[in-house]
Amino acid sequence: MKRKSDKPIKITEVCLRDGSHVMQHQYTEAQVRRVARELDEAGMHYIEVSHGDGLGGSTLQYGKSLVDEMKLIEAAVDECQNSKVAVLLLPGIGTVHELKQAHELGASLVRVATHVTEADVSAQHISMARELGMETLGFLMMAHMAPTEKLVEQAKLMESYGAQAVYVTDSAGALLPQEVKEKIAALRNSLSIEVGFHAHNNLSLAVANTLTAIEEGATRIDGSIRCLGAGAGNAQTEVLLSVLDRMGVNLGIDIYKMMDLAENTVGPMIPRAQEINRGSLVLGYAGVYSSFLLHAERAGQRFGIDSRDILIELGKRKVVGGQEDMILDVAAELAKARKLEV
Amino acid sequence: MVKIKAAIIGSGNIGTDLMYKLERSEVIELTAMIGIDPESDGLKRAKEKGYLAFHNGIQSLKDNPEIADIVFDATSAKTHVRHAKVLAELGKLAIDLTPAARGPFVSPAVKTDAYLNEKNVNMITCGGQATIPIVHAINSVADVSYAEIVATISSKSAGPGTRANIDEFTITTRRGIEEVGGADKGKALIILNPAEPPILMRDTIYCEVKNMDEAAITKSIEQMVETVKEYVPGYRLKQEPLFDGNRVTVFVEVEGAGDYFPIYAGNLDIMTAAATRVAEDFAIHMLEKQSV
Numbered sequence: 001m002k003r004k005s006d007k008p009i010k011i012t013e014v015c016l017r018d019g020s021h022v023m024q025h026q027y028t029e030a031q032v033r034r035v036a037r038e039l040d041e042a043g044m045h046y047i048e049v050s051h052g053d054g055l056g057g058s059t060l061q062y063g064k065s066l067v068d069e070m071k072l073i074e075a076a077v078d079e080c081q082n083s084k085v086a087v088l089l090l091p092g093i094g095t096v097h098e099l100k101q102a103h104e105l106g107a108s109l110v111r112v113a114t115h116v117t118e119a120d121v122s123a124q125h126i127s128m129a130r131e132l133g134m135e136t137l138g139f140l141m142m143a144h145m146a147p148t149e150k151l152v153e154q155a156k157l158m159e160s161y162g163a164q165a166v167y168v169t170d171s172a173g174a175l176l177p178q179e180v181k182e183k184i185a186a187l188r189n190s191l192s193i194e195v196g197f198h199a200h201n202n203l204s205l206a207v208a209n210t211l212t213a214i215e216e217g218a219t220r221i222d223g224s225i226r227c228l229g230a231g232a233g234n235a236q237t238e239v240l241l242s243v244l245d246r247m248g249v250n251l252g253i254d255i256y257k258m259m260d261l262a263e264n265t266v267g268p269m270i271p272r273a274q275e276i277n278r279g280s281l282v283l284g285y286a287g288v289y290s291s292f293l294l295h296a297e298r299a300g301q302r303f304g305i306d307s308r309d310i311l312i313e314l315g316k317r318k319v320v321g322g323q324e325d326m327i328l329d330v331a332a333e334l335a336k337a338r339k340l341e342v
Numbered sequence: 001m002v003k004i005k006a007a008i009i010g011s012g013n014i015g016t017d018l019m020y021k022l023e024r025s026e027v028i029e030l031t032a033m034i035g036i037d038p039e040s041d042g043l044k045r046a047k048e049k050g051y052l053a054f055h056n057g058i059q060s061l062k063d064n065p066e067i068a069d070i071v072f073d074a075t076s077a078k079t080h081v082r083h084a085k086v087l088a089e090l091g092k093l094a095i096d097l098t099p100a101a102r103g104p105f106v107s108p109a110v111k112t113d114a115y116l117n118e119k120n121v122n123m124i125t126c127g128g129q130a131t132i133p134i135v136h137a138i139n140s141v142a143d144v145s146y147a148e149i150v151a152t153i154s155s156k157s158a159g160p161g162t163r164a165n166i167d168e169f170t171i172t173t174r175r176g177i178e179e180v181g182g183a184d185k186g187k188a189l190i191i192l193n194p195a196e197p198p199i200l201m202r203d204t205i206y207c208e209v210k211n212m213d214e215a216a217i218t219k220s221i222e223q224m225v226e227t228v229k230e231y232v233p234g235y236r237l238k239q240e241p242l243f244d245g246n247r248v249t250v251f252v253e254v255e256g257a258g259d260y261f262p263i264y265a266g267n268l269d270i271m272t273a274a275a276t277r278v279a280e281d282f283a284i285h286m287l288e289k290q291s292v
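The listed protein sequences correspond, in order, to chains R and G. Residues in the first sequence are numbered from 1 upward in steps of one, following this note's numbering. Residues in the second sequence are numbered from 1 upward in steps of one, following this note's numbering.
You can take every hint at face value.
DSS-like mimics (lysine-lysine), calculated; alpha carbons at most 25 angstroms apart, straight line: (1) G/LYS219 - R/LYS336; (2) R/LYS100 - G/LYS78; (3) G/LYS185 - R/LYS71; (4) R/LYS318 - G/LYS156; (5) R/LYS316 - G/LYS156; (6) R/LYS316 - G/LYS238; (7) G/LYS156 - R/LYS150; (8) G/LYS238 - R/LYS339; (9) R/LYS316 - R/LYS150; (10) G/LYS185 - R/LYS64; (11) G/LYS210 - R/LYS64; (12) G/LYS49 - G/LYS5.
Since the hints were made in silico from the structure, they are not lab data.
Throw the hints in and build the complete structure from the sequences for me.
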């Protein structure tokens, strides 16, 4: 495989964070311990553990966690010999206080995430994370919603605050391969720090887009084992690793162990198959934040309307990540409009 | 009619919008706009309107203490800490629109006569002003154990101050939900939405209550919306409240008056409108005392 970067590729397994959406934030400590232990044994580089919406995300807006994420972070740190534990922080939801707490419990990497056009809200958190001595990466979410020049401008802001890498985060799983290529190349050419890529599989492009990103020079790569991430999940980690191995890229992660972990540990945990159903397909098609899926399905049932109509309407209104309250609002509005029509 | 004199420190966006609000007051006479940049739009507009316009900061108040009894501080948290001391020494009432919070939190829709004896009060945050009245309304009839608010504002209306310290927003608003709203425990989220044309400020308030009573809660919320409307005419419910078990969800939209800010910036408007209303409460109280 030809890569436009000679830096090593580092994989972050996100099933214990992005997968928290699918688990409706009901991860038990035993589940987290087992997954973290087996990932560590397989040689995973980083394991992200947090509420699906990042530190402090346990809310009525996003769903309450069964177990306090700090307990889960502590448990994962306890299980890991070599893998590093990462956390996610969305300014506006979590604060530097939760970040400090996670750091004290042993989290050593943080991804500070903002909407693709709002990087300047992350300055405070990025500089604090650096002060704490954490590896600190920027995460520009919903990357499909902004033109590449805007993405570059915002990534540069994060770099200026001290981020050591910036991710193109395809939160809606809406990016097409050509767009990934363009965005990663633009960031690689404009930044002196590493570039990362986080995919969602809503259009069945997660692995393909991730390969494109790697070819273009992305070195920080996310995956979720068995696609255990919001919507249709992320780049399926064990598949991605197998493909990379076939392409001659060995990352030091044991593929058989990852397959076993997927089959024996994660598979039985997942409440329903992480296939691309019509809901997750619509996420990618309409460009809607992947964690909206289950909320939209529930709202659809509650108000007796097709969850696809809710998602499409949210896409039209250019709703951004974190606006889960809009789902109920739009569903109630659509239901009312239907009644008026009858 | 006799009015109470007031001055604004801080000739930025908030201070300037405040000027337009105070212009309409029947009990407050704005006398001066105080800034540090003679070229600022706020000072220019103040001068055009015939107000005193100083650009030497709080020194101007030390030199001319007679120009105001009420002083609005629309500078920054750091600056207000310094100002608070000077204003206390001068015996001026301070209405603090910064996150400094030297004095107690107030929302004019949540009347506690207690605050009329304070010499420095804090206006919490925009999200707090938009949501705490609703939490209080629910709490007063159903006892709120947990309240969570989500404030979504247009990116264009979020100034550099808010952006540089967004944790201050979430933490201060949470405290306001508990201390003024009356929830046992609070949580605040803020989301910036960059859509064009800019969206109006919208707020979602989730409350978990101990004594569910749908009719009483709905009535209390509707009354509260009317109270807030008295000083923010564009404050309204987007939907009827939704009920689910012990949980009530309220959707609010805030359209600004369009004074200095465009109408989408309901978040900024509700701050200046609430500060004006609080100052008027004080002014009426002062005038009553004078007439005795």
